[in-house]
Amino acid sequence: MILPKKHLSIHESLIGFGGFLLTQLQQPLDVDSLWERYNNAYSNLKYPVKFTFDEFIIALDFLYMIGAIKSNKGVLHYETN
13 MILPKKHLSI HESLIGFGGF LLTQLQQPLD VDSLWERYNN AYSNLKYPVK
63 FTFDEFIIAL DFLYMIGAIK SNKGVLHYET N
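Residue numbers for the sequence shown, in my numbering: 13 to 93.
Since the hints were made in silico from the structure, they are not lab data. In this text, a Cβ means the ideal position worked out from N, Cα and C, and glycines have one as well. Do not rely on the hints blindly, as some may be mistaken.
Cut-off 25 Å, straight-line C-alpha distance, at most; resulting in silico cross-link-like pairs (DSS-like, lysine-lysine) [claimed, not checked]:
1) 62 - 17
2) 58 - 18
3) 85 - 18
4) 17 - 82
Pairwise CB distance ranges, derived in the manner of DEER restraints [claimed, not checked]:
5) 35 - 84: 28 to 34 Å
6) 87 - 27: 20 to 26 Å
7) 23 - 85: 29 to 35 Å
8) 56 - 31: 17 to 23 Å
9) 23 - 78: 15 to 21 Å
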């Protein structure tokens, strides 16, 4: 589920979902606001796959572990360094 495979599209993988989340972090957001943005994108057919909140947290954990995002007092930042 982390990487896309033959029967798993990029949108269904955590890497693809993480990429979408990074596009939403052009400005710092808290977790609730980012989750709301994802739900709005899914509802408006701008993201084709429904993820659970647990999968959302796993994607954020993955992004944090690879250094793509940082957290400061509960606010997520896209790390560009």
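Going down the list of hints, with the structure as the test:
no., hint, result
1, 62 - 17, "holds (18 Å)"
2, 58 - 18, "holds (23 Å)"
3, 85 - 18, "violated (40 Å)"
4, 17 - 82, "violated (28 Å)"
5, 35 - 84: 28 to 34 Å, "violated (20 Å)"
6, 87 - 27: 20 to 26 Å, "holds (23 Å)"
7, 23 - 85: 29 to 35 Å, "holds (31 Å)"
8, 56 - 31: 17 to 23 Å, "holds (18 Å)"
9, 23 - 78: 15 to 21 Å, "holds (19 Å)"
Hint violations for this structure: numbers 3, 4 and 5, all remaining hints satisfied.
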